[in-house]
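Trainee: Per the working numbering, the sequence shown starts with residue 129, numbered consecutively.
Simulated from the structure, these hints should not be mistaken for laboratory data.
Certain hints may be false.
Unchecked claim - Below are the DSS-like pairs computed for lysine-lysine, each with C-alpha atoms no more than 30 angstroms apart in a straight line:
1. 210 <-> 176
2. 338 <-> 358
3. 338 <-> 373
4. 513 <-> 563
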Amino acid sequence: MNQQEESSIDAPQDRFTMEDRFELLVHSVVDYAIYMLDTDGYITSWNKGAQQIKGYSAHEVMGRHFSIFYTDEDRAAGAPAKALSVARAEGRFNGEAWRVRRDGSRFLALVAIDAVHNRQGNLIGFAKITRDITERRETVARLEESERRFRLFVEGVPDVAICMLDVCGRVRHWNAGARRLCGYDSEDIIGEPFATLFAESSRKAELVDKLLCEAAGAGIREVEHQGLRKDGSCFVAHTSLRALKDTGGELHGYAFIIRDLSERRATENELLATREQLLQSQKLDALGQLTGGVAHDFNNILQAITGGLEMASLRLARGESDKVQYHLDSAVQSVQRAMHLTRRLLAFARRQPLMPSCVDLNELVTSMADLLERTVGARIGVDIKPGPANLYVFCDASQLETVLLSLAINGRDAMPQGGLLSISTQLANSDTDGKDYARLVVSDNGSGMSRETMARAFEPFFTTKPQGQGTGLGLSMIDGFVRQSSGAIHMESTLGEGTRVEILLPACEPPSPVPAA
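Let's have the full structure, built from the sequences with the hints guiding it.
Mentor: In structure tokens, the structure reads:
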């Protein structure tokens, strides 16, 4: 390619001077209003950004004074002239103020006015740049308001310690609830590791490091531990640690929340102790109702033992040794009856935790026949109908005996003139979970209950018995035992016709026989 050809190619580009390219650049900018003023403030140029922001086309503003964009208040205060005066004296004016668009709406503008001089240093005009920062200011205002509300919220929670941690676990914010709970003022704790608030036992268990790692990975981690106050006292603390990440997943710190559970735990322990006392009270109440009949039974047993031994002595004295064994056997049988009754009473009154096992339901019910008959008295018949063999349930046998005895006492009290107490067992299947259950049904033909009474029958301390004759805990304790054993209880009653209580307990496989040695 020759030199002439090269010149012909470069010629079109040479037609664009530096001023032309600058003007193209200015006019292509749409986010900023960029225009020129003469020395008196009249508009001499207008770019697309100015048209977009202010709403005027070029032919509408060319030759007009730039003060048309100012508010009436600013024009009255002489703000346009002051801006040019500062730019003329100092070379530049920067400001932030409200401006007016063509349609009369206002916007917040970031303004820069630069004095423009020629090569001889003479002022030939001003370059004015305006940017609409209304949205940015509103965003900042919303963020500031959000932060203000957040601080008010955090500071307004006096019962919960809420603080912020940096990525290393150092305290960066401390609210009033934290001061009240932990005893530290902000200046004492800001910048300290949050491990300061954990008892020594938790720090030795490396709980603090695990919390940070697990919260950073899972997003949130909660734990219950021994908290430590500034004065050295400990408290039961529930800690929630939540990782604070941006939309890109970058970790910026943690929200750290502490609740004092000491009072709640003390209340729960007190309730458990009270419940245990009520359970014992209920057992003793039922046991007290048995004493009359039991004393009579024991008196009969003792008389049988005494009579048998006296007859044996008499036979020996007469030399009738061949007839002594009969009376001794009779006395031994009476002793065994007394031992059996005593074991039942001790099992019922014994204080022991729930110990579930696989229990032969039919054997348990039939073995209690004598005790139940003595409990309800001679006027009430006891009809026991055990279901199929190998009917095993998984529950606490001692507690189930207590349930059966308590229901028998309720049935007895509902039949003061006598009647029939029926007890039956059978295999049942649940429609909800498809599992096998054993059904224990206890019914009577006594006075029954109204709908209103039956609706409250399982409420603690609710009783229809006269004062001093019932605690109102029987059915409540039964309901608690059944639910704790993963079972269900249902009761039907008709006033004047009787009551039927149905208990479902989870069935289990009978234990394998122990192989002979």
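Trainee: Run every hint past the structure and note whether it holds.
Mentor: Checked hints:
| no. | hint | in the structure |
| --- | --- | --- |
| 1 | 210 <-> 176 | holds (27 angstroms) |
| 2 | 338 <-> 358 | holds (23 angstroms) |
| 3 | 338 <-> 373 | holds (18 angstroms) |
| 4 | 513 <-> 563 | holds (23 angstroms) |
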